[in-house]
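Enquirer: Each chain is listed here by its residues.
Number of protein chains: 4
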Amino acid sequence: MTEVPHLTDLLADAPTNWGRWGTDDQVGALNFLTAPRVLEAVRAVRSGKVFTLGTPVGTGNDPVWPGRAQAQRYNTQDKSEYLVGKRTATAGGVEYADDFIAMYLQGTTHYDGLGHVWFDDTLYNSYPAETTTGGLTHNSVLPIAERGVVGRAVLLDMARHFGKDVLDKGQPFGLDDLLACAAAQQVEITKGSILLIRTGMIGSFFTRDSAEYYADYLEPGLEYSPELGRWFHEMEIASLATDTMANECTVHSSGAAFVLHAALMRNLGVAFAEILSLDELASDCAEDGQYDFLYAAAPLKVAEATGAPVNPLAIK
Amino acid sequence: MTEVPHLTDLLADAPTNWGRWGTDDQVGALNFLTAPRVLEAVRAVRSGKVFTLGTPVGTGNDPVWPGRAQAQRYNTQDKSEYLVGKRTATAGGVEYADDFIAMYLQGTTHYDGLGHVWFDDTLYNSYPAETTTGGLTHNSVLPIAERGVVGRAVLLDMARHFGKDVLDKGQPFGLDDLLACAAAQQVEITKGSILLIRTGMIGSFFTRDSAEYYADYLEPGLEYSPELGRWFHEMEIASLATDTMANECTVHSSGAAFVLHAALMRNLGVAFAEILSLDELASDCAEDGQYDFLYAAAPLKVAEATGAPVNPLAIK
Amino acid sequence: MTEVPHLTDLLADAPTNWGRWGTDDQVGALNFLTAPRVLEAVRAVRSGKVFTLGTPVGTGNDPVWPGRAQAQRYNTQDKSEYLVGKRTATAGGVEYADDFIAMYLQGTTHYDGLGHVWFDDTLYNSYPAETTTGGLTHNSVLPIAERGVVGRAVLLDMARHFGKDVLDKGQPFGLDDLLACAAAQQVEITKGSILLIRTGMIGSFFTRDSAEYYADYLEPGLEYSPELGRWFHEMEIASLATDTMANECTVHSSGAAFVLHAALMRNLGVAFAEILSLDELASDCAEDGQYDFLYAAAPLKVAEATGAPVNPLAIK
Amino acid sequence: MTEVPHLTDLLADAPTNWGRWGTDDQVGALNFLTAPRVLEAVRAVRSGKVFTLGTPVGTGNDPVWPGRAQAQRYNTQDKSEYLVGKRTATAGGVEYADDFIAMYLQGTTHYDGLGHVWFDDTLYNSYPAETTTGGLTHNSVLPIAERGVVGRAVLLDMARHFGKDVLDKGQPFGLDDLLACAAAQQVEITKGSILLIRTGMIGSFFTRDSAEYYADYLEPGLEYSPELGRWFHEMEIASLATDTMANECTVHSSGAAFVLHAALMRNLGVAFAEILSLDELASDCAEDGQYDFLYAAAPLKVAEATGAPVNPLAIK
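Residue numbers (the working numbering), protein chains in the order written: chain A, 1 to 316; chain B, 1 to 316; chain C, 1 to 316; chain D, 1 to 316.
So here's chain A without its partners, still in its complex pose:
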């Protein structure tokens, strides 16, 4: 039996962006989303169609990573209390409803802060991992939320590319597959792009039996390779968003877990968004052949948070 390699070794020669934007930088590859690139992104808008890419929250059956709890949403007041005389309308007759939620911050579509994942006791841009204690002093989702993620995005519909509704559990794909898919879709991945990758997984959550969905849980997704890491680096990919919970084929062929998180988020500062709903957008792209668009997403500005919910917009 072979030993699982440590990421220190696995990524020994892999590129990083640490220090590239100064020692204080906490938004990483989002720095690639310069004003000129925002203008380039805006030029991708052709028809004025708008898509929202968040998944529903508080349904009692939200797609969450195993171990995270379902969101709990409750009314704190509504019409019923006026009906039984427990509340009275404000002067003039207005009444209102209000509500409360308890949820995991990564328990729905969300952006990770760059400090969500690490190895060798060190976060992106060399902050010590112990700074995550009790709240992320550095590399929380807040700097990402303050900046926002606005740029030209490309949807790579891997499920359609492989002729499936949904990829198999644990099905990996790599750089060649990405490029082949882009070529087949006739879309150019330009420098500073945001990548949206569709596997069909989150969409299938709502139609599959929950026990079957979570059994031997392994998501399909990108598998790390040195070429893939270098390509993300050279192409200045700013953000990676997928319709899975972890944005990658969770277990690498070497046996190491979350290698893409390590190589892209922790080393390169690529902003990860997870649990996106991409099916409707993908159908539209398949129909009109336009796989690039303006992407505008800004997670909630939750202070010191490991991540925060977001409902990204695709404007075609």
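Rather than coming from a laboratory, the hints here were simulated on the basis of the structure. It is possible that some hints are incorrect.
Any copy, or any two copies together, can satisfy a pair, since identical chains are not distinguished.
With a straight-line Cα cutoff of 20 Å, these simulated EDC-like cross-link-like pairs (lysine to aspartate or glutamate) come out [as the list claims (entries may be wrong)]:
#1 K164 - E212
#2 K86 - D98
#3 K169 - E212
#4 K49 - D25
#5 K86 - D120
#6 K191 - E227
#7 K164 - E287
#8 K49 - D288
#9 K86 - D121
#10 K49 - E146
#11 K86 - D24
#12 K49 - E287
#13 K86 - E130
#14 K191 - E234
#15 K164 - D176
#16 K164 - D177
Dock chains B, C and D against the given chain A, drawing on the hints supplied.
Expert: This is chains B, C and D only, laid out in the frame that chain A set:
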């Protein structure tokens, strides 16, 4: 002492959009944000500057409407548990942090669902108010979240217009003031615009003593008048967003409360966003003179919710 | 196929205690726990052994009724933050840890308020069911919590009586079984007793596969009969507590559900405690042959709550 | 200005119970509550009167230590949803209400786990303080909850003793005062007693202006002295409970904070209960002259918790 008029009378001749987009409509004036208007909005982008308009969440001192509780955010895991041997890294060495939040859904920057506020037992588009019981079956924030709010927005910086850092508590302004401010700013309010109104209030929250801020709590803001209501109707204003908690001068000169909510949200279906941070954007607009821009906002898709948090984007 | 009878008919001739202790009464059969009966209960203490009957909370695998969420407990501070310099000790060197919980109030061992369950739109002692809206104005758990439940209790170990570790799913038993068990245990059920009934269910939760435990979920327990109802009434049973989640064989042979809740809690005002851990106490009783003891329980004083957690004490 | 002494020095000669009940002990002075002492406690019951000593939870105005949030309780279902047709009764006609709470575990009447407070990086019985990380592996409230706190208690009504309704903010008292009070009350503090000390503070919370109550927040209470520490040790006091939030005059005359927590909880393993409501009990004791009674309290069995809510019982 004069009697406070009921909204039934006060708004007897006021316009509504009920039925305008069918009996099932739950997004109201967002219907004005058609694809052509999205394209028009995109053309407002000139420099590629991006601003996020949400306020921080979970700081322990978030601006919330009196009676709503502060958000509570806690780490559920972080580096500390690895340090003391309570967790072990995944195969290969990756470790991670995770967290949880309990908060009012309208306890930070948020969009209201159109059913958040009503009178005469009836929500926007004639849904019975009792459908809010336990969760908004109709007119929750979900349809707004599914559609997104993308269009051309105009910032009206009323505080600067009146030569103040922050307007006084309870200071009202009306349609004439809005138009005068737009004229002074040399920005055109086109049909189907999204209005962002700055009073300076939310920005001042972070520098003022909390007891002073909340004492005799009355926000400055727009005051309802029949002309104002007709103007919103005729101008097809899609969404109203402000840096206050309630988007209006809470108590109308007649003594009735939340009249603008009644006239605009409940009658016209105008989508309300509240508690925006507008100071940085406003400074930039004052500097470059560009007061219109692409506005892209999508609240979380919280099922049956009265409202949901959002971090709106302004792209200039 | 026969029609399921309505409780109005099923309990048409069943006794009630409505009005017995005045129109304001909200503690029902706890009124039977008079000072003389407390003194009688105290005399049941012989050896000074103490047992706590609550189940653990916040383990991630708490026994909860299907549909209720697991409790979420998180540290808000602990040593880790002092270690990394995020907190400093108070003057003199004291440091401390603190924590937070989000849970269903009936999501562990708890007392129900008498208004937790009803039929015919009417709660115990004729309060309208609509008073439960948004919070129980009457018959919440608060009056029970303010009074406390202190009296002589008798443990009826039905599992041991039937020669099983745990009763079967949906296994019913009735008054004759209770009396036969008491006789076999040589314990007298005196007037005003508190009954503790052991089925083995909650104890088995911690050793059984969760999916198996919840499959076709039906609990073993007491099944309503007119004689049983009259017996509780005549014997002035103050409180019923079991090691199940619902204190009864959920579905009655007639097809009606929660009949015991209706007959005992809603009609007679018997205070229900559920999800008790009785195994250790039962083993001790089997060993020393003493099945009666002083029972002292007081749920949390949660205002307007349907129920509240409790950790009951048995003092032998 | 004199330096504040460190607890290491202040308590250099103070007694500890570490190791006294083995290296695994996590209930400390509760070990003094042996079966014979439980029987002695039972003999203190004379009239059969019962008092519950918890404070209300979820009122929106609960007494909580500065920095802790108010409990949030919400119905998850009630009659209102049946009324509007969103729920249907179970077979036979039963309907029910249910609810949820989010709260600090020490946000109402509660027992501390012995690991709640420490100094010199070490908890009671020499567990390292770093074991509190993410949850108290040792000295959580769970062992105390599993054991329960049952014994003879003595109420010392210091407010009445000093002729006041409520003691002044920061008013200290010491061993002599305790003994004088006991003498005046003609009650004997026997070995292994549980002490309940009344200052009038929590009772006054509900009638005082909140801002005034919390201004320059300092509680009256016991002040540590070497004699006091030795007396607790020699008298084998098992538990200390008061109607304040911190059980002691928070700041010691030396300037050190929480000295009593250090000397009694961390060194001796005395179980602390805080935020008790003692006014009604105290009035009764003043009337009938009986200041000792059976005390029965068991906090919730919250796993790894720093503390847990409790509603203690006094049975006279």
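Enquirer: Now, for every hint given, state plainly whether the structure supports it.
Expert: Hint check results:
For the homomeric pair K164 and E212, the shortest alpha-carbon distance inside one copy (18 Å) is at most 20 Å, but the shortest distance between copies (34 Å) is not. In this homomeric assembly, K86 and D98 come within 20 Å of each other (Cα to Cα) both inside a single copy, at 15 Å, and across copies, at 18 Å. Within a single copy, K169 and E212 get their C-alpha atoms as close as 11 Å, which meets the 20 Å cut-off; across copies the closest is 25 Å, which misses it. In this homomeric assembly, K49 and D25 come within 20 Å of each other (Cα to Cα) only across copies, at 19 Å, whereas the closest approach inside a single copy is 34 Å.
Taking CA atoms no more than 20 Å apart as the test, K86 paired with D120 passes between copies only; the shortest distance there is 17 Å, against 57 Å inside one copy. Only within a single protomer do K191 and E227 lie at most 20 Å apart by alpha-carbon distance; the minimum there is 16 Å, versus 50 Å between protomers. Taking the shortest alpha-carbon separations for K164 and E287, only the intra-copy value of 17 Å comes in at or below 20 Å, while the best inter-copy value is 52 Å. Taking the closest pair of Cα atoms, K49 and D288 come within 20 Å of each other only inside a single copy of the chain (11 Å); across copies the shortest separation is 29 Å, beyond that limit.
When the C-alpha separation of K86 and D121 is checked against a cutoff of 20 Å, the pair qualifies only between copies, where the shortest distance is 15 Å, while the shortest distance within a copy is 54 Å. In this homomeric assembly, K49 and E146 come within 20 Å of each other (Cα to Cα) only across copies, at 13 Å, whereas the closest approach inside a single copy is 26 Å. In this assembly of identical chains, the alpha carbons of K86 and D24 lie at most 20 Å apart only when taken from different copies (19 Å versus 53 Å within one copy). Proximity of K49 and E287 under a CA criterion of 20 Å is satisfied intra-copy only: 13 Å inside one chain copy versus 32 Å between copies.
Taking identical chains as interchangeable, the C-alpha atoms of K86 and E130 lie at most 20 Å apart only when they sit on different chains, with a minimum of 10 Å there against 49 Å within one chain. In this homomeric assembly, K191 and E234 come within 20 Å of each other (Cα to Cα) only inside a single copy, at 8 Å, whereas the closest approach across copies is 44 Å. When the C-alpha separation of K164 and D176 is checked against a cutoff of 20 Å, the pair qualifies only within one copy, where the shortest distance is 18 Å, while the shortest distance between copies is 59 Å. Taking the closest pair of Cα atoms, K164 and D177 come within 20 Å of each other only inside a single copy of the chain (14 Å); across copies the shortest separation is 58 Å, beyond that limit.
No hint from the list above goes unmet by this structure.
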